[in-house]
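Protein chains in written order, with the working numbering: chain A, 30 to 326; chain B, 30 to 326; chain C, 30 to 326; chain D, 30 to 326; chain E, 30 to 326; chain F, 30 to 326.
Honestly, I wouldn't trust all of these hints.
If several chains are the same, the list does not tell them apart, and a pair holds so long as it fits within one copy or across any two.
Derived lysine-lysine pairs resembling DSS-like cross-links, with alpha carbons at most 30 Å apart [claimed, not checked]:
1) Lys111 x Lys168
2) Lys158 x Lys35
3) Lys267 x Lys196
4) Lys162 x Lys62
5) Lys158 x Lys260
6) Lys260 x Lys196
7) Lys111 x Lys62
8) Lys158 x Lys211
9) Lys162 x Lys211
10) Lys61 x Lys111
11) Lys62 x Lys211
12) Lys261 x Lys168
13) Lys267 x Lys111
14) Lys158 x Lys168
15) Lys168 x Lys196
16) Lys168 x Lys211
Quick caveat, the hints were computed from the structure, so don't treat them as lab data.
6 protein chains.
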Amino acid sequence: MPGLDKIIEELLESYRQDGLINPAGEANLPSKKSINGILRELTELAMPGFGEMDPLDHDNLALITAERVNRAARNLEREVEKSVAFGVRLENPRGTKPLRRCRAAAELLVRDFFSGLPELRRMLALDIKAAFKGDPAAKSMEEVILSYPGLEAILVHRLARFFWHRKVPLIPRMMSEIVHSKTGIDIHPGAEIGGSFFIDHGTGVVIGETTVIGSNVKLYQGVTLGALSVKKEEANRKRHPTIEDDVTIYSGATILGGATVIGRGSIIGGNVWITSSIPPNSTVYVGSADQIMGQRH
Amino acid sequence: MPGLDKIIEELLESYRQDGLINPAGEANLPSKKSINGILRELTELAMPGFGEMDPLDHDNLALITAERVNRAARNLEREVEKSVAFGVRLENPRGTKPLRRCRAAAELLVRDFFSGLPELRRMLALDIKAAFKGDPAAKSMEEVILSYPGLEAILVHRLARFFWHRKVPLIPRMMSEIVHSKTGIDIHPGAEIGGSFFIDHGTGVVIGETTVIGSNVKLYQGVTLGALSVKKEEANRKRHPTIEDDVTIYSGATILGGATVIGRGSIIGGNVWITSSIPPNSTVYVGSADQIMGQRH
Amino acid sequence: MPGLDKIIEELLESYRQDGLINPAGEANLPSKKSINGILRELTELAMPGFGEMDPLDHDNLALITAERVNRAARNLEREVEKSVAFGVRLENPRGTKPLRRCRAAAELLVRDFFSGLPELRRMLALDIKAAFKGDPAAKSMEEVILSYPGLEAILVHRLARFFWHRKVPLIPRMMSEIVHSKTGIDIHPGAEIGGSFFIDHGTGVVIGETTVIGSNVKLYQGVTLGALSVKKEEANRKRHPTIEDDVTIYSGATILGGATVIGRGSIIGGNVWITSSIPPNSTVYVGSADQIMGQRH
Amino acid sequence: MPGLDKIIEELLESYRQDGLINPAGEANLPSKKSINGILRELTELAMPGFGEMDPLDHDNLALITAERVNRAARNLEREVEKSVAFGVRLENPRGTKPLRRCRAAAELLVRDFFSGLPELRRMLALDIKAAFKGDPAAKSMEEVILSYPGLEAILVHRLARFFWHRKVPLIPRMMSEIVHSKTGIDIHPGAEIGGSFFIDHGTGVVIGETTVIGSNVKLYQGVTLGALSVKKEEANRKRHPTIEDDVTIYSGATILGGATVIGRGSIIGGNVWITSSIPPNSTVYVGSADQIMGQRH
Amino acid sequence: MPGLDKIIEELLESYRQDGLINPAGEANLPSKKSINGILRELTELAMPGFGEMDPLDHDNLALITAERVNRAARNLEREVEKSVAFGVRLENPRGTKPLRRCRAAAELLVRDFFSGLPELRRMLALDIKAAFKGDPAAKSMEEVILSYPGLEAILVHRLARFFWHRKVPLIPRMMSEIVHSKTGIDIHPGAEIGGSFFIDHGTGVVIGETTVIGSNVKLYQGVTLGALSVKKEEANRKRHPTIEDDVTIYSGATILGGATVIGRGSIIGGNVWITSSIPPNSTVYVGSADQIMGQRH
Amino acid sequence: MPGLDKIIEELLESYRQDGLINPAGEANLPSKKSINGILRELTELAMPGFGEMDPLDHDNLALITAERVNRAARNLEREVEKSVAFGVRLENPRGTKPLRRCRAAAELLVRDFFSGLPELRRMLALDIKAAFKGDPAAKSMEEVILSYPGLEAILVHRLARFFWHRKVPLIPRMMSEIVHSKTGIDIHPGAEIGGSFFIDHGTGVVIGETTVIGSNVKLYQGVTLGALSVKKEEANRKRHPTIEDDVTIYSGATILGGATVIGRGSIIGGNVWITSSIPPNSTVYVGSADQIMGQRH
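Bound-form chain A, shown alone (with noise of 0.2 Å):
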């Protein structure tokens, strides 16, 4: 095609002006390709059988849960350990690069991780008896574990808590947009969730990243628990809302603001916006009062 040597030299040119490039040779970022394969690795170890990798027999589960547990901790060790240089150089830009010592909080890191693992499989049975309990469409628990996008966005968030928590850059978030483009649930890795959490549909859901969340809590399809402030100087105070114990919040209500505390047992009718606190033990809908809040199929 005529012309094209001129594009790609001009092309060649805007990289070389703008630097919006990421060379693999001198300051690598975790590969998002790599991290969704650790997620469906995870996610298989967490509920084995279930999902689509090795076929799975009483026989074989010692053999291919240790071949699992040293593929995804070599894996992740090599995306942690790239985080961890690229938080290094953030905070530090002129700074040596003290890559051996990445290395070696990498596989700090790591190990930590898996040794919570049976812990985060309790937790994520206590998810999954929520959803089967708060969907009268569920016939069986194999059906939410097949078919419920809410439980896959709270495993996902619980493993990505966990890197959050210890402060690896990127990751995180990685792991909760990779969760988000499939289910269409966003839940910041900042988010603090109880157990037994349960979000149903679940499309458009958006938890930030200072929310704090109780045991016992259901959200419906587009629920919001956001921030009034959006000023980058306030990006380390608490933002967005607690949300206690019990409660439950159908779809569309939007909850706003880091003081505002919904307190225990509380039921927020769909479409409700709310940027103040609520008592415990309320109810509040818009609308009439013999409307019942609440939705489902």
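Position chains B, C, D, E and F relative to chain A; hints supplied.
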């Protein structure tokens, strides 16, 4: 990595304790990956030549159709058999497994399913026309087929509906979640939907299990057709609304309750919240009367 | 499976009757899979080194860029040629197909497209900065590139817009649906969007065909920029709103109508429903005046 | 890389000059990759369940066989059509291309080919028995099917032979080279080979175009059945030997010439060089008479 | 394609009649593809870092080794179990299948196999040195590992030999045929081969089932170590020669017979045909005495 | 599997002891898989349109050629750099690694290599004509290109030869082994081969490192051009024969020795063993004079 052996042992111990595993050898479940492949194949059979599988011409149409029907039948039979066997175990956990009978039931179901394909194509043609007619931005039928997520959602719903109707567990919900993940449109396979159905944009639409929808109905993004009651013991009642023929429901509207009927020819405005019946040919909107309902691109 | 031969014959008969098939030999359509691959390639060319294709270093940057441009140009030319030929048939169904001319038009279009890539990268750099500045939770530019779905949506929109502007059918809409499926953000390729644009979270955003958006505009999840009229015969009029510079629109707001103008510097609160123009520097919100608009994680 | 543009231009210039290119658009040739896939499919049809394709059980045997025959027929028809069209051009380079007729001829050929598959399976069963009987090291029929290259070579030969006999160009030779590459056994598709044929080890065996071989013949590695004359103008004469029934030829033996006949029941020792006929029931060997011919593992 | 249905029916009928099929459900056989993958994995474990699997560094060596051993053990156990069960059926066709015991036997075999890997690596290191020393054209050990087919053949032989020795049917022969197909070197897994073994070029080499080879033996291409007798009933006797230590056999030589012993330190010239024993330190050649044996590149 | 942990530890210990591993981080070696891909790419560049890569037409020939040259150059440069660095370490094991210089050398080598491609295509065209002319069974040039292993072997040899000549280690030998594995033809990259070269059938052909072959030479299967001496210390001498123009060598012939010259126009019969020079225009054969040499299919 030192310590990994011990971690693996703890993980295996956690598998032993909670039993949250699905070993292939015992009571296998249908495979998400396989259901996904079957949906791709059925989409090709419903609209031959528009997808990404083998190139199609008039001369090889017969060969390729025979091949696809045989392959899809084989794969579907295997997954349906697993689902039927799962259903038998669910109802009768200690019973002996009449595996031969599950296979025969699966074969019968699959044959009936394929017998209905020509009729399904007639329904689909009406849906395509409804989309073309209903969206001023649509320039051609081909554009509708190639780029309207609402069409993909209704096609998969009509496929999943067959298996729901015949009481096959798991598969219909797995199908509806696959297309929910791709389109953001969540239609429970239990919903009954009439001809010439059109969903525009679609992200966030939720249609519950016992919803009944007439002909020539049009929905926009974010519409919820949900339940008022979410008690598990009412799971067998009609919990979701009835939408009669020729109704249009604009974006973000929420219609709840098993006794709620939207009368034929009505227009429901955006963001409206409805929990009781609306007479035929009504127009319901939020805000001042001079606001004309509707939104489109 | 007995009876399958008859079913296949009926299916073939149904193909013969309704003609809802697309045989490759006659009037081929662009391929979704190929458009998908082209978008991946163009994303790599726009932000080299951040994606998953071949590893990149400073030494091989020239070789890999030349290779990618040539490959993308070749694939794009093939798909554009099919689209142009489809457009010709659509306007003139019985005309002879001037295939040579379609190929020439495709070559010209593709060359022009690639000439514009350096400029597109400048726009994209502004969008990245807008996202970083606009979200307190964003810790680095790299985080924005690796995990913000809004950035992916605006990048693909700027690519698709070129083909829409040049009246290539099908391809721009196929591109916008591919990214809609991944992000839940549905931007019609006809929309005009200024520099430094930012969509946060994004699920459920709909931006209509004749929308015009200025610079430094920020949207949150669930915002609709839609039409009041959905009559097919008004398809050629401006049906969607105009958003001037420096406007922020919070989650769930709906703004409708081709004559509706949101004046520069205005703030539109969450869940607000607007169908008429708003003067510059206004603040519009639902509920009591002490509620400050906005939500964030 | 500086200078690459110029190199590319020179390469394109060299393509223009010598014409040693095969553009798909004009006169396409059969595809090696496709022929390879067809051979795999036909091998599965000939010996169902021994290969690596979809798992097979008694219940899905009918579905999978119908699917495979349809797929193989479709792929084979496409490649045969290209070959037939190539043959037409070769004989009549300036003629108009009667493409319709090539398609019809291909369809007829493919149908005849599949009609012969049951008979081919009967031949193959005899070959398997001959191998089991002929090799003391063979422990079971299954071992022969899974690990004897000679069986693979004769199976592919019997397939390729059909197309050679029907004067389809290119495809039979492509088939014989695919199996030559895998087994080191080079049988020209023109060779006529009787029932119960066995080649042990096989590496280096060459069987020429006009060879005729009877029943119950056994060959070892490195045997050549070749021509004395290699003049192009004698290409249409019988140039290779005739091997009558019940002959055994040991490793490294060379038998040349179209008039050379090895009489029935003869044994030809290793490394023997023969260019004239041998009467029935002869034993021919190199060296002293006390050496008994033969070698085996 | 008209008539295809009838052809499919005839093919199915032919399957029913001759039973030459292997349905997965009944008595499954080891998979060629799986054995192939296991050989690749074992090659990586034997010479880590030289192959094409995951990149290897000192830090991940432990993780990747544990992962590979677990994966290879799992895959191998499955294939060995199928082979053992096949062997049981072969000896006792009407017997009940003690499947549990086959699994236990497979587990034991696989554990023993892996216990022997360090010793196998010591043998392999000697073979590499023998190749480097034995070929003047070899420039480095790395060249030997990366490009000597003889090394690959002896490695696979040493692996296959273990299973042969332990009387596992099918698998050892499948392994030897996989490497025969790649290298043209056909070593029966029953052959006993000492340390520091080297085959140069290798195409056409055949080493029979009961061959015994000492240490420091060197073979060239086309050498046959075969049997004089090919009667099935003598299958359990030693039928192939014994090659003592420090023997070199040049290309194309044929040595036959179970009682034939090539005495230590002998040199056998190219194309020589030997059917009786040769005393130690002999030189055997064809033709005049002034011809020095040997050939090399 | 109990005991596996201990086995893994022993294997790791064995790695530590013998150092027979190749960790990527230190001194990486060229990759077989990558060299394989490069050969496929170069084969496409040498004979565009005959292979299995992207479909080719006259309109996209320029785009696809530019893409391929850039891709092949990039991949080749990476592998050549690793090889050059390996060569530097081999000669100077303790030296500092001048990595920059290896990269520069690789770039220069690759550019020179591509500059020679048009000339290589001229050589190849002669080889194709020689094959067509030399085999009475060849029906067309296309048949030669699609199904003659001898052509593939000489093409790869001419590519590998370039790198041998420029003293790049490992890569040329890896290339020659790749094609040896596919064709059974083993040509050392050091061999010098003139124009219009043809090998028929080819299995078992060995051509040594210091062989010199003139123009219009034809070989059959099993021919060895080898060395008399195999002492490591004579590795730098000419050890293999010289074959002058217009010589034909029939199957199984062996010609040995660096001083051995086969005079122009000679014919060497099958299975002949030659260790001294033959004058021009000689005919050498085994056995009685009435036997005419040659074999063919």
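Going through the hints against the structure:
1. Within a single copy, Lys111 and Lys168 get their C-alpha atoms only as close as 43 Å, which misses the 30 Å cut-off; across copies the closest is 16 Å, which meets it.
2. Within a single copy, Lys158 and Lys35 get their C-alpha atoms only as close as 62 Å, which misses the 30 Å cut-off; across copies the closest is 29 Å, which meets it.
3. Taking the closest pair of Cα atoms, Lys267 and Lys196 come within 30 Å of each other only inside a single copy of the chain (17 Å); across copies the shortest separation is 49 Å, beyond that limit.
4. With identical chains, the CA atoms of Lys162 and Lys62 are at most 30 Å apart between copies only, with a shortest distance of 27 Å across copies and 35 Å within one.
5. Taking the closest pair of Cα atoms, Lys158 and Lys260 come within 30 Å of each other only across two copies (15 Å); inside a single copy the shortest separation is 39 Å, beyond that limit.
6. In this assembly of identical chains, Lys260 and Lys196 lie within 30 Å of each other by CA distance solely inside one copy; the values are 22 Å within and 41 Å between copies.
7. Proximity of Lys111 and Lys62 under a CA criterion of 30 Å is satisfied in both settings, with 14 Å inside one chain copy and 27 Å between copies.
8. Taking the shortest Cα distances, Lys158 and Lys211 sit within 30 Å of each other both inside one copy (22 Å) and across copies (26 Å).
9. In this assembly of identical chains, the alpha carbons of Lys162 and Lys211 lie at most 30 Å apart whether taken from the same copy (24 Å) or from different copies (26 Å).
10. Taking the closest pair of Cα atoms, Lys61 and Lys111 come within 30 Å of each other both inside a single copy (12 Å) and across two copies (28 Å).
11. In the homo-oligomer, the alpha carbons of Lys62 and Lys211 lie at most 30 Å apart both inside one protomer (14 Å) and across protomers (15 Å), since each shortest distance falls under that limit.
12. In this homomeric assembly, Lys261 and Lys168 come within 30 Å of each other (Cα to Cα) only across copies, at 10 Å, whereas the closest approach inside a single copy is 46 Å.
13. Proximity of Lys267 and Lys111 under a CA criterion of 30 Å is satisfied intra-copy only: 29 Å inside one chain copy versus 49 Å between copies.
14. Only within a single protomer do Lys158 and Lys168 lie at most 30 Å apart by alpha-carbon distance; the minimum there is 12 Å, versus 36 Å between protomers.
15. Taking identical chains as interchangeable, the C-alpha atoms of Lys168 and Lys196 lie at most 30 Å apart only when they sit on different chains, with a minimum of 12 Å there against 40 Å within one chain.
16. For the homomeric pair Lys168 and Lys211, the shortest alpha-carbon distances inside one copy (23 Å) and between copies (24 Å) are both at most 30 Å.
Of the numbered hints listed earlier, not one is contradicted by the structure.
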